[in-house]
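Peer 1: Residue-level listing of the chains:
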Amino acid sequence: MADVTRAQVEDFLFDEADMLDKWQLPEWLELFTEDAEYQVPCMDLPADATPDHNLFYIADDRFRLGERVKRLMKRTAHVEFPHSKTRHMVSNVRVRPRADSDIDVTAVFATYRTKDGVTDLYFGSSSYRLMPADGTFKIRSKRCVLDTDALRPSGRISIVL
Amino acid sequence: MPLCVDGVLLPSHALIATQRPILLSEHGTCQGDAKLPKHGKCVCERILEMVPAEACVRGDNAERHPKATREADGKLRSQPDAESYNDDFKTLETSNMTPVARFESYRDFYFVSFDRNIISLSDYLAGAKEYIDLICDQTDSAMHIVPGTQEYSIRANWKLLTENSIDGYHAATTHASYFDYLGKTTDMALGDVAARPPGYGYDLGNGHAVIEYPAPWGRPVAQWISAWGEQGRAEIDAIYNNLVRRHGEERAKRISKLNRNMFIFPNLVINDIMAVTVRTYYPTAPDYMQISSWSLAPKGESEWLSKYRLHNFLEFLGPGGFATPDDAEALEHCQRGFANFQDVPWNDISKGMNSKRPIHRDELQMRVFWTQWNNQMFPAPASKKSSVAA
Chain A
337 MADVTRAQVE DFLFDEADML DKWQLPEWLE LFTEDAEYQV PCMDLPADAT PDHNLFYIAD
397 DRFRLGERVK RLMKRTAHVE FPHSKTRHMV SNVRVRPRAD SDIDVTAVFA TYRTKDGVTD
457 LYFGSSSYRL MPADGTFKIR SKRCVLDTDA LRPSGRISIV L
Chain B
9 MPLCVDGVLL PSHALIATQR PILLSEHGTC QGDAKLPKHG KCVCERILEM VPAEACVRGD
69 NAERHPKATR EADGKLRSQP DAESYNDDFK TLETSNMTPV ARFESYRDFY FVSFDRNIIS
129 LSDYLAGAKE YIDLICDQTD SAMHIVPGTQ EYSIRANWKL LTENSIDGYH AATTHASYFD
189 YLGKTTDMAL GDVAARPPGY GYDLGNGHAV IEYPAPWGRP VAQWISAWGE QGRAEIDAIY
249 NNLVRRHGEE RAKRISKLNR NMFIFPNLVI NDIMAVTVRT YYPTAPDYMQ ISSWSLAPKG
309 ESEWLSKYRL HNFLEFLGPG GFATPDDAEA LEHCQRGFAN FQDVPWNDIS KGMNSKRPIH
369 RDELQMRVFW TQWNNQMFPA PASKKSSVAA
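The listed protein sequences derive, respectively, from chains A and B.
So the number in this note's numbering is just where the residue sits in the first sequence, counting from 1, plus 336.
So the number in this note's numbering is just where the residue sits in the second sequence, counting from 1, plus 8.
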């Protein structure tokens, strides 16, 4: 942890956001560890809710995250074919040490998605558990908590937040 | 956001069961459990007072809303400056919250109607009761709503979601990418989905309809897939054997191996597929609807079953799943197409009309819905006096 600066973490998160905006999803998937998780809980759940006992919007293990990526790169993922345009903005990044060698990172995000003349905004906070590796990081978990009361009017999370 | 009346916490979905502000309250508990006891009340208020749950637990809601406190059944308990009111104020019916016109339950599903003269719930549900029974009989405990509400929307007319929720025709094409995924979890060649053994569509009366059919996905109750491993096989076998013990082989098989997409007129869907989802939806504009979805599960199920049920739910269902977003996209495209309604003033739902027994990929169930909708929206004009024989 002593070696990790916020600037390094920010660079990593900005790169991640850039990959998502460019729809480089297979490359983005490489950012994750083999035991990684990606979660988006429902908005009426407490902060520490687990997908084992609560209904989420998204609760992917690494296998399903890989399948999500494959799906989103197919023509038959109708909602994202052709791909929407997105802008992932990441800010207010904070880095905290953990008892193990990983680090906890929190950030806020605002992601715009536009397609067919309709633009939706997704915003909230994200928390990451990052594993320092080879001068950069691997994502062990990523959890995005949306601030809106409901997924309205966007109606879907067809992109990666 | 949880609501409370007189210190009784209410789950957030107590509110959104309807577009009108309604409070469901429960005596004697301060837990946000979805299940209401038989004596639960359902009341309307002209002004809905929302109180944060924390304030409710502390008992200081009166401080935040110094208007009136109420009993859990909506009766007025006290109001500030009571001396400014007549002595009998508290005894007046008009001082109480107003119960909804009708509030009845079947197998712990609670229904509200604003029509005082509607037929009884049991008569209203008609043939749908048989299918609610099949779903609820999967456990000898009770069913409950798992915490977490998927609250989303689609920019399309609400009736399109009715069609979509009970349609077996679109799965193979609209959800091709889901079936690609499914093939990786089942160790089975899925083959041509359209060539699978059929199920059938049924008219359940009063505009309700269901399709019942076999499908290749895993079912927490109870169809094992290879992705669940040997522990999963043991869990699923135990659930199935328990079902056989309680219901006999034939009914156990029907409960666990067949899928049901059921529509209860006008806006309730209970789909017993790779998990059980309960879904209701309301239009707020001709081309926009708000949807709420929940996961229905046996109370007290094992850790394993809870985890895999929810995991299975999300693979297909909901706005972050591998299927629902494509449904939403398709419905929105349909909605745009309907801008041509003046030149193309119909929509074809005749599939299966040439068959004595329409299968689940036919459209009998759509016709059931639309016929009821049409009857209610455009009832036959009352006969005029001149046409009555003297």
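Simulated from the structure, these hints should not be mistaken for laboratory data.
Each residue gets a CB set at the ideal place from its N, CA and C atoms; glycine is no exception.
Hints should not be assumed to be uniformly reliable.
Claimed, not checked - Using C-beta positions, here's what the derived DEER-type ranges look like:
| # | chain 1 | residue 1 | chain 2 | residue 2 | range |
| --- | --- | --- | --- | --- | --- |
| 1 | B | 254 | A | 450 | 50 to 58 Å |
| 2 | B | 191 | A | 485 | 56 to 64 Å |
| 3 | A | 340 | B | 293 | 45 to 53 Å |
| 4 | A | 357 | B | 238 | 54 to 62 Å |
| 5 | B | 355 | A | 370 | 44 to 52 Å |
| 6 | B | 381 | A | 425 | 40 to 48 Å |
| 7 | B | 312 | A | 461 | 42 to 50 Å |
Peer 1: Range hint 50 to 58 Å: satisfied by the CB atoms of residue 254(B) and residue 450(A)?
Peer 2: Hint holds: Cβ distance 53 Å, inside 50 to 58 Å.
Peer 1: So does residue 191(B) sit 56 to 64 Å from residue 485(A), Cβ to Cβ?
Peer 2: violated (37 Å)
Peer 1: Quick check: does the Cβ-Cβ distance between residue 357(A) and residue 238(B) fall within 54 to 62 Å?
Peer 2: violated (43 Å)
Peer 1: Looking only at beta-carbon atoms, does the pair residue 312(B), residue 461(A) fall within the given range of 42 to 50 Å?
Peer 2: violated (31 Å)
Peer 1: Could you tell me whether the CB distance from residue 355(B) to residue 370(A) stays inside 44 to 52 Å?
Peer 2: Cβ of residue 355(B) to Cβ of residue 370(A): about 48 Å, so the range 44 to 52 Å holds.
Peer 1: Determine whether the Cβ-Cβ distance between residue 381(B) and residue 425(A) falls within the hinted range of 40 to 48 Å.
Peer 2: Because 44 Å falls inside the window, the suggested range holds.
Peer 1: Should the hint that residue 340(A) and residue 293(B) are 45 to 53 Å apart at their CB atoms be regarded as holding?
Peer 2: Given about 49 Å between the Cβ atoms, the range holds.
The structure fails to meet hints 2, 4, 7 from the earlier list, while all remaining hints are met.
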